[in-house]
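Chain by chain, the residues:
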Amino acid sequence: MSAPSLTSYIVKRPWLKRWMTPIAEWYMDAAGYRRLGLRFDDIIPEENDVVQAAIKRLSAKESYDRVFRIRRAFQCSISHTLLPPEEQTKPSEDVEYLSPIIREIEKERKEREDLDTLSVRR
Amino acid sequence: MMLSRSTLSRSAPRALQVTNRRSMASASNPGLQYEVSDAAGVKIANREVAGPTSTLALVSKAGSRYQPFPGFSEALDRFAFQSTVKRSALRITREVELLGGAFSSSHSRENVVLTTKFLSNDLPYFTELLAEVASQSKFAAWELDELVANLLKLRQQAITADPEYLGIDAAHGLAFHRGLGDNITPNTSVPFEKYLSVEALSEFAKDAYSKSNIALVGSGPNSSELSRWAGQFFQGLPTTGTSGQYKVQDKGASKYHGGEQRISHKSENAVVIGFPGSSAFGTSGYKPEVAVLASLLGGESTIKWTPGFSLLSQATQSFAQLRVSTKSHTYSDAGLFTIALSGNAGQVATASKNVVDAIKKVAAGEVASEEIKKAAALAKFRSLESVQTLETGLEASGSALINGGKPYQIDEIAQNIDNVTEQQVKDLAKSFLSGKASVVAVGDLFQLPYAEDLGLTV
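So the sequence lines, in the order shown, correspond to chains A and B.
At position 16 of the first sequence the residue is numbered 16 (full-length UniProt numbering), and the sequence of numbers has no breaks.
At position 128 of the second sequence the residue is numbered 128 (full-length UniProt numbering), and the sequence of numbers has no breaks.
Do not take every clue at face value.
Within a straight-line C-alpha distance of at most 20 Å, the following computed PhoX-like cross-link-like pairs (lysine-lysine) qualify [unchecked claim]: (1) Lys107/A x Lys86/B; (2) Lys353/B x Lys327/B; (3) Lys86/B x Lys110/A; (4) Lys206/B x Lys247/B; (5) Lys361/B x Lys436/B; (6) Lys266/B x Lys194/B; (7) Lys56/A x Lys138/B; (8) Lys194/B x Lys61/A; (9) Lys255/B x Lys436/B; (10) Lys56/A x Lys153/B; (11) Lys430/B x Lys327/B; (12) Lys211/B x Lys138/B; (13) Lys287/B x Lys426/B; (14) Lys138/B x Lys86/B; (15) Lys43/B x Lys211/B; (16) Lys374/B x Lys287/B; (17) Lys430/B x Lys353/B; (18) Lys360/B x Lys107/A.
These aren't lab readings, by the way, just hints derived from the structure by calculation.
Only chain A is shown next, with the shape it has when bound in the complex (with noise of 0.2 Å):
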């Protein structure tokens, strides 16, 4: 599902991952998804195995949490409203819960892409 990503690269290197820091935090603000009440794994398109298999995987706490969440943020979209303030989500709170699984669905889906395509040399 991911999407091409330009993080690692940026990561790697501390002087341009300080000088991009802030522009990426503006634009995650600005994105409006935290006024929602959303956190960034909240929407990821869920309409492949991938992550629906990623979605399986969440403990019955994380599940519900992310189900209220989606919920909550459809209400203030039909509404067209925003939550208050102190509902938003804030950005110690915008953390990873999906992807990790994701990264490991994929991993284990490649792995046994490479190993069904292998061949054996002895």
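Model the placement of chain B on the given structure of chain A, informed by the hints.
For chain B alone, coordinates are given in the frame of chain A:
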């Protein structure tokens, strides 16, 4: 026809000469004896068998008897050869496929057994694999939810459809209460899910696979090679296990209780009658006459196209929809002698009375001594075969090693059974009738009898 007659006439005198020949295994046949050694604190029993393939098993004293909570042994068994810290389950499978090997895991009341079979050249790889599974299994939460839980459910469904299995399991429960009486696999109504979590399992595994709790049993590999590789790979295993609530729990010595249990079942019927039996060979409760009585009562023929000589198969010959089998279940400190009847409800009900009649006949000494001789020969064959056969032999030797008993000595087993007298068999049958039985009826309880109807005390 001509051919078969001539072969018969040629081989018949040979069958009569058997008695002259040397008895089966002895010092002249060292391949069947296990050599016991120790590498990096892990006990190893190995027999060198000349041949291109080898079998190596890890026996852990973590069967249902020693599990801290229900379902733990079953889950540990299913988690074997799943993802480890180093490689995924898929990679393990594919690597083993490429090497042309096989692996499997199983568990009994006393042990969890991880078995690998391979071409002898691949010994280092498979020794490493067993060590890796024992010490570095990942116990991922999703593997429990997506794989292990489903397999467990299927296993539960399979045992629910097998009334004889349910009956024997319940008979163990009646006979030994906690410990040996715990279900091997929790049945569908056991609330095991509330105890089972990957964290708890990984704690249990640390203790179950600690050096003092396991034995490596090999059949085929070179002994010095095996101890070299085992010493190298098994070094990282903890010497003693954890001390939390999830450690391997020894619930004390087994004591026989007895009793009666009746379980309704929609489709199948079984009656299981249990009596105190013999513990495994090499322990203090070993009674060779139990094996002889088990084959004397019998029920299952070992020879095609004949009901066989055993008392129960003779007595139940007219029942077409009935299966009878007599088994002596042996454990490290106790044993259970079970007679299981399954099939049509009416026939099971009638035949269970025949079973008690047969035991009465043996107790009264109304059985010809030839029959007892035949039974002793069959008992000898069965116990020697179970030692020689890989699956049963590996577990038995490993279990004996962990529990500090002596490993199986083929000569002694044969000797013990040869020494059984008619009087011993008669006394054993008498003690069955006077002592407490464990009686389980599974199925159509409207038709199946109570222990009292059979004339047994519970």
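Each hint tested on the structure:
no.: 1; hint: Lys107/A x Lys86/B; result: 14 Å, holds
no.: 2; hint: Lys353/B x Lys327/B; result: 18 Å, holds
no.: 3; hint: Lys86/B x Lys110/A; result: 16 Å, holds
no.: 4; hint: Lys206/B x Lys247/B; result: 8 Å, holds
no.: 5; hint: Lys361/B x Lys436/B; result: 18 Å, holds
no.: 6; hint: Lys266/B x Lys194/B; result: 28 Å, violated
no.: 7; hint: Lys56/A x Lys138/B; result: 19 Å, holds
no.: 8; hint: Lys194/B x Lys61/A; result: 17 Å, holds
no.: 9; hint: Lys255/B x Lys436/B; result: 12 Å, holds
no.: 10; hint: Lys56/A x Lys153/B; result: 19 Å, holds
no.: 11; hint: Lys430/B x Lys327/B; result: 18 Å, holds
no.: 12; hint: Lys211/B x Lys138/B; result: 19 Å, holds
no.: 13; hint: Lys287/B x Lys426/B; result: 13 Å, holds
no.: 14; hint: Lys138/B x Lys86/B; result: 9 Å, holds
no.: 15; hint: Lys43/B x Lys211/B; result: 8 Å, holds
no.: 16; hint: Lys374/B x Lys287/B; result: 18 Å, holds
no.: 17; hint: Lys430/B x Lys353/B; result: 17 Å, holds
no.: 18; hint: Lys360/B x Lys107/A; result: 67 Å, violated
Of the numbered hints stated above, those contradicted by the structure are hints 6, 18, listed in ascending order.
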